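Chemist: The lines below spell out each chain.
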Amino acid sequence: MPSESASAIELRGLTKTYGVGERAVHALRGLDLEVAAGEWLAVTGASGSGKSTLLHILGGLDRPTAGTARVLGRDLAELDAAGRTLHRRHTVGFVFQQFLLLPTLTALENVAMPLRYAGVGGKERRDRAAAVLERVGLAARLDHLPSMLSGGEQQRVALARALVGQAPLLLADEPTGNLDTETAAEIVALLQELAKERSATVLVVTHDLEIARRAPRTVRMRDGRLETAEVSS
Amino acid sequence: MALPVVIREAFRARARAVLTIAGITIGIYTLFVLGSIAEHFRASVDAAKDYVSGSVRLVTKTDASGQNPGIPPELLERIRELEGVAAVTSELTLLFDGFDLQSDPLTFLMPKALVDGVDPELAPLVHRGFEVVDGRWLERADGLPDDGLDRVRLPHGPGAMVSKKIARKRGYRVGEPVTIRRESYTLVGIYTTPEVPMGLLPDGIVPIERLRQRFEAPSADAARAFLEEAGVQVDPATMTMATLAQRLIRDQRDRYLLWVVVIDEPDRATATAARIEAIAPGVAVISPERLAEEIERAGQMFIVITFVISIIASIVGGLLIVNTMAMSVLERRREIGIRIACGASSGQIAREVLIEAGTLGAIGAALGLLGGLATVAALNPWVASQLETGDTIFRPTLRLGLIVVVYGVGLGAAAGLYPAWRAARTDPVETLRAL
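In order, the protein sequences belong to chains E and G.
Counted from 1, the first sequence has number 141 at position 141 by the working numbering; the numbering is strictly sequential.
Counted from 1, the second sequence has number 176 at position 176 by the working numbering; the numbering is strictly sequential.
Just so you know, these hints were derived from the structure itself, not from any lab.
This structure is a prediction, so every number in the text was calculated from the model and none was measured.
Among these hints, one or two may not hold up.
If you want the footprint, here are the derived chain E segments under chain G, 3+ residues with CB under 8 Å [as the list claims (entries may be wrong)]:
1) 53 to 64
2) 89 to 101
3) 108 to 120
4) 185 to 191
Beta carbons are placed, not taken as given, at the ideal position from N, Cα and C, and that holds for glycine.
Chain E on its own, in the form it takes in the complex (with noise of 0.2 Å):
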C-alpha cells in the first residue's frame, strides 16, 4: 500500500476527445491533477465538464487521448487491453449513481462477483462478500434480491461491491444521487468511514455540494479544464 504521502494519482495534460475534425469534441483538455494516496477529493463542476471521463479513464474504462494518467504509478495510456482489466480488477473500486447492480443476483452473488472475475474461489468469495455485507450493515440481507432492497440498501451493496477486493482507489459517480437527504448522508458517512479503514484513495464525482463540504479537496470542473481547487473544512 502506498504511503500517503506518495500521488495516488497524477494527471498531466490528461486530453480526451471523442470524434475527428469538425464533430470532435474534447472531454478533457490538458488536465493536470495530482491525489495524494489515503486522499479523499471531490471533483464537481456541470454536466458535460468532463468529470465522467475523467472517472472513466482513472478506472481503466477508457483510454486518454493524449498527456499521462498515472495510477499508483502506472501509466494507464500505456495499458493494453488485458492490462487496465486487470487495473479494473485489482486497483478500483467503482460506485455508481444508480447503484448498477445486477437484478438476477442477490446481494451476496453482486458483491462477490468482482472477486469471481479475479478468479477467487468459490467459498473464499462467499466469505469474504458476507464480511463486508456484514460491515456494511446488510448482514441480514444476503440472499436478497435487489429488487427487495431499499435505495440505500442497494447503495451500500455497491459499496461493498466496489470495497470486496480492496482495491487502493474508490471511484464514485454521483453515489448519492439517488437518495434521499438522509440515506444519502449516511452513505457519505459509512464511504468515508470505510475508506479511512483501508486508506484507500477517493475519488467523488457529484453535484451534491454536502458531499463536496465534507471533502477535504474539492475541485471543480469546467470545459475539460481544471477551474478550481479548495480544501473545504
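Got chain E sorted already, so can you dock chain G onto it with the hints?
Modeler: For chain G alone, coordinates are given in the frame of chain E:
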C-alpha cells in the same frame, strides 16, 4: 458462474427462454427419435453383414421365354469340391403365411414374416448366426416321409423351426403344431436371430422339399392340360395326377433359383466366390462382400436421410438460441458494462454468454432426450404388435443419448458464439454513459 445463477440469467425473459428451449427440445427430440431408428438400422446392417459373411449366393437368370436353366448338377458337384466350400444347398424363401391375394399386394411397406426352406441337415450352417433357445435344430428325418410323401414321424407333420419373436407373438411352443403356409408342421425348435433389417431373415425354417412340394405343385387340371398338350396318355389306374405332378417337381429339383454355398472360413468367402466365378460363367455369384455393400448402401441412404432431417430440425433450434442470446446481449449491454467495470475481461464476458447459451442447449437437449426416450419406449411395443414379425424399429443407445446431449450443448454454445462476440465487444464507457 454457478449453475443456479446461469439458469436465473437465462430465464430472465422467461417466455423467450421457454420458447427457445422448446425449439431446441423439438430439434433434439427429432434427432433422438430418428437417430434411434438409424441406430437400429445401423446395428441391423452390421449384423446383416456379419450374417451374410459366411456364405456365397448363386443365382441363375430366367430367360425371355420364362425358362430358368438352373445350375447343372455336374457344376454343383464341381463347386462342392472347391477348396473352402463346406456345403452347397438350395434355398427357397416364401411368405410364412402364404400369399393373400386380397391383402398382401397392399402391404408392400409392411415387412411380412418369411419362411426359409433349406436342407434340414444344413440349416445350422446356412443360418450360422441363429441360436436355438428352445428345442433343437432341424434334422434330416424331419423332412422325410417314412413310407410316402405325406407321412412323417412327427405328430403334427414335418419338423419346423420358428424365431423367438414370432413364437412369442403367436404363442408357438416346441412339440406343438404350427401352421406355415397353411400346412401343419411340428415345431421342433425356436431360435433367436441377429438383429438384421426386417425382411432379410426368416421367421421360420422348414425342410426345403416340403416347402417346394406345396409351393410349386401344379394343380391337377394344369398337369393334365400340360400332359395332354404334350400328347402323353395318362392312365388314371396307374398314375394319379398328384403323383405325376410330384414327379415333375422332382425332375426339376436341380433348377432352384437360389443356391447357398456355405464357406468353411468366412474370411475366405471372397476368394471362394472368385473360384466359383471362374468355373461358372453363366451364374451370378454374389459374394458376401457385394451383399454387404448392397446392405450398407441401403442402410446409408436411410441414415443420411435421417441425419439430414434431424440436423435441419436442430439447426432451427440453434437459430432460436442465436436470436435469444443476441437479444439478451443487446438488452444487457449495461450489465455487461458493469461486469467490465468490476474487472471482467472480454474473454470472461464471452464465456458467460456461451455458458448461458450452452445451458439453454443442454436443457433443451435433456428435455428432447427425455421426450424421445418416452416416445421410443411407448412406440417400440406398439410397432412390435403391429408388425407380423414382432420387430421393433427404435434402438435408443447410450451412444445416441450422449451424442444428442453433446450436440445440444454444442449447438447452444455454437449458437452463442456470435452473441458472445458481440458481448465481448461491448464498450463499457458507452453503456455506462447512457445511464
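Chemist: Of all the hints numbered above, which does this structure not satisfy? Sort the numbers upward.
Modeler: 4
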